[in-house]
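Chemist: Listed below are the residues making up each chain.
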Amino acid sequence: MAVSAAKPGGAPLLTVPSNVKIRRAANNVMTGLLWLCACGVVLMLALLVGYLFYLGYGALSWHFITAPPSEVTAGGGIGPEIFNSFYILCLTLIFTVPIALLSGIYLQEYAKSGRFRQIVIFCAESLATVPSIVMGLFGLLVFVYLLGWKFSALGGALTLTVVNLPALMRVTQEALGSVPDTYREASMGLGATRWQTVVHVVIPSAVAPLITGIVLISGRIFGETAALIYTAGLSVSVNNPYDWSLFHTAETLAVHLWYTHSESLVPDVARIGNGSALVLLIMVLLFNIAARFLGRALSARFTGRVS
Amino acid sequence: MVEAPPVTQDKVVAENVNVYYGSFHAIKNASLKIPAKSVTALIGPSGCGKSTFLRAIDRMHDLTPGARVTGKVLLDGQDIYAPEVDPVVIRHRIGMVFQRPNPFPKSIYENVAYGPRIHGERNRKVLDATVERSLRQAALWDEVKDRLHHSALGLSGGQQQRLCIARAVALNPEVLLMDEPASALDPIATSKIEDLIGELKNEYTVIIVTHSMQQAARISEFTAFFHLGEIVEHDTTSNIFTRPKEKRTEDYITGRFG
Numbered sequence: 126m127a128v129s130a131a132k133p134g135g136a137p138l139l140t141v142p143s144n145v146k147i148r149r150a151a152n153n154v155m156t157g158l159l160w161l162c163a164c165g166v167v168l169m170l171a172l173l174v175g176y177l178f179y180l181g182y183g184a185l186s187w188h189f190i191t192a193p194p195s196e197v198t199a200g201g202g203i204g205p206e207i208f209n210s211f212y213i214l215c216l217t218l219i220f221t222v223p224i225a226l227l228s229g230i231y232l233q234e235y236a237k238s239g240r241f242r243q244i245v246i247f248c249a250e251s252l253a254t255v256p257s258i259v260m261g262l263f264g265l266l267v268f269v270y271l272l273g274w275k276f277s278a279l280g281g282a283l284t285l286t287v288v289n290l291p292a293l294m295r296v297t298q299e300a301l302g303s304v305p306d307t308y309r310e311a312s313m314g315l316g317a318t319r320w321q322t323v324v325h326v327v328i329p330s331a332v333a334p335l336i337t338g339i340v341l342i343s344g345r346i347f348g349e350t351a352a353l354i355y356t357a358g359l360s361v362s363v364n365n366p367y368d369w370s371l372f373h374t375a376e377t378l379a380v381h382l383w384y385t386h387s388e389s390l391v392p393d394v395a396r397i398g399n400g401s402a403l404v405l406l407i408m409v410l411l412f413n414i415a416a417r418f419l420g421r422a423l424s425a426r427f428t429g430r431v432s
Numbered sequence: 004m005v006e007a008p009p010v011t012q013d014k015v016v017a018e019n020v021n022v023y024y025g026s027f028h029a030i031k032n033a034s035l036k037i038p039a040k041s042v043t044a045l046i047g048p049s050g051c052g053k054s055t056f057l058r059a060i061d062r063m064h065d066l067t068p069g070a071r072v073t074g075k076v077l078l079d080g081q082d083i084y085a086p087e088v089d090p091v092v093i094r095h096r097i098g099m100v101f102q103r104p105n106p107f108p109k110s111i112y113e114n115v116a117y118g119p120r121i122h123g124e125r126n127r128k129v130l131d132a133t134v135e136r137s138l139r140q141a142a143l144w145d146e147v148k149d150r151l152h153h154s155a156l157g158l159s160g161g162q163q164q165r166l167c168i169a170r171a172v173a174l175n176p177e178v179l180l181m182d183e184p185a186s187a188l189d190p191i192a193t194s195k196i197e198d199l200i201g202e203l204k205n206e207y208t209v210i211i212v213t214h215s216m217q218q219a220a221r222i223s224e225f226t227a228f229f230h231l232g233e234i235v236e237h238d239t240t241s242n243i244f245t246r247p248k249e250k251r252t253e254d255y256i257t258g259r260f261g
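Chain order of the listed sequences is Z and D. Using my numbering, you'd call the opening residue of the first sequence number 126 and step up by one each time. Using my numbering, you'd call the opening residue of the second sequence number 4 and step up by one each time.
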């Protein structure tokens with residue numbers, strides 16, 4: 126191999142060749158640009174949160190977040206909507222998490238190659254690109270009409286399951302994929318079965334990204350609107366605002382926000398809208414913050430204290 | 004150089020082993036006899052197939068998509084590739100230590116207890132005793148006995164590798180396979196691992212892949228020289244290093260290639 130001759134020594138360090146000046150300028154310009162874009166992201170969130178606080182803060186009260194909504198008069202609250210949002214979220218997670226987890230495990234740990242794996246991935250990706258309003262109409266046909274459930278919490282949750290399954294499967298796959306193969310080798314090398322390896326080594330090592338992913342998707346489910354309008358309905362349960370029945374009409378907070386602005390007859394639309402938007406935003410932000418902390422805490426717990 | 008012990012029964016016998024990765028023929032008709040309670044070194048230039056051969060003894064190729072093994076590997080005379088044999092049983096009886104230390108992201112205790120646990124041991128006293136015995140065998144007990152429940156990832160590279168050895172010997176394997184166990188370690192950690200291997204052969208049959216001929220000469224009684232997927236020569240370590248029969252072995256030993 127030819128080695129180029131060494132540069133003659135002795136050049137003064139402070140005379141900078143012109144091409145270094147250009148490279149240095151380009152580096153500085155790009156550093157600034159990247160920094161600006163990153164700041165832009167922060168700024169956008171800050172503006173959004175700040176403006177919503179400014180508008181919605183006045184609407185917030187204990188009465189507002191606990192009272193049932195009003196159909197025609199001013200002074201309605203959003204208590205049952207908050208309850209419904211959490212209720213549908215929990216139902217959706219109960220359906221989504223096991224299926225997503227198990228199918229993700231299958232794709233990442235068992236079906237290393239092969240046609241069936243590609244078919245599953247293709248289906249999941251196609252499912253992920255279907256707009257949620259289309260899923261909502263599908264839910265309307267299947268759960269509301271075909272099964273005759275009318276508008277129901279269960280129908281809404283099942284529709285959301287279909288909407289979020291691909292994303293959560295992807296989260297599972299990526300979380301498991303982040304676990305180094307050397308762990309799997311070590312475990313299998315000790316005579317563990319594939320399943321023991323998954324349960325005792327792979328999942329505990331992937332618990333941080335898994336929890337983070339699940340909580341982030343929970344935030345999305347919490348704010349989902351289009352898929353619920355035709356499945357869970359636009360009103361809260363008539364018998365009991367905090368209704369645990371699977372088959373009651375269950376308007377969520379996000380749907381309520383859309384409904385008051387587009388259909389409702391109440392005179393204080395702006396107040397309810399701003400207040401609901403603020404509560405929704407705070408909840409979703411809390412999900413994001415919780416995702417970070419939970420992920421970190423659980424990861425420490427499952428991987429032993431770092432000395 | 005260790006003197007070869009009197010001939011004992013062969014613990015592992017490879018007969019015409021071939022390994023393919025897809026269409027690549029990685030190991031060609033390798034046959035080898037490995038006596039019980041001895042150290043056998045597999046040497047040869049990079050890419051010659053010594054690690055591939057080692058992994059065939061533990062059925063680790065079952066885990067690699069596209070890898071295929073033909074031929075026989077006999078453990079005490081029984082073929083580990085016979086169709087009715089479960090690889091889980093094989094890997095229970097044959098332990099493996101990998102090139103890079105790969106402790107689980109668990110505590111030191113949990114790392115060592117992992118093997119016995121997955122094979123059904125639940126008694127805490129038995130597990131405690133196994134963990135202590137294994138860590139002592141791996142010459143790590145004194146360094147970690149006060150922090151057994153701290154993360155194994157806080158250990159140094161050399162300690163992590165001894166932990167991996169402890170994790171393997173916790174199962175009392177009959178054969179211990181080591182794939183360049185000291186290649187990622189500094190000289191002090193390396194000499195600790197080498198001393199350890201000298202101890203381990205009193206109880207286990209050790210097969211070690213090594214890149215270093217000096218290491219092979221220091222720790223092994225038998226040496227097999229691999230080149231281009233074939234076993235060129237297999238003999239006592241002293242014969243390989245002082246009286247090689249094959250020209251290729253001699254060229255490699257004397258540093259003419261590799």
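You may find that some hints are simply not true.
No farther apart than 30 Å at their CA atoms in a straight line, the calculated lysine-lysine pairs in the DSSO-like style are these [as the list claims (entries may be wrong)]:
(1) D:K195 with D:K31
(2) D:K36 with D:K250
(3) D:K248 with D:K31
(4) D:K75 with Z:K237
(5) D:K248 with Z:K237
(6) D:K36 with D:K75
Bear in mind the hints are in silico, worked out from the structure with no lab data behind them. These numbers come from a predicted model, not from an experiment.
Chemist: So, for every hint listed, does it hold in this structure?
Modeler: So, going through the hints one by one against the coordinates:
This hinted pair does not check out: K195 of chain D and K31 of chain D have alpha carbons roughly 34 Å apart, beyond 30 Å. For the hint linking K36 of chain D to K250 of chain D, the alpha-carbon distance of about 22 Å falls within 30 Å, and the restraint holds. A distance of roughly 20 Å separates the Cα atoms of K248 of chain D and K31 of chain D; the hinted pair therefore holds under the 30 Å criterion. A hinted pair counts as satisfied when its Cα atoms are at most 30 Å apart, and K75 of chain D with K237 of chain Z qualifies at roughly 27 Å.
The straight-line distance between the Cα atoms of K248 of chain D and K237 of chain Z is roughly 44 Å, outside the 30 Å bound, and the hint therefore fails. At most 30 Å may separate the alpha-carbon atoms for a hinted pair to count; K36 of chain D and K75 of chain D meet this at roughly 12 Å.
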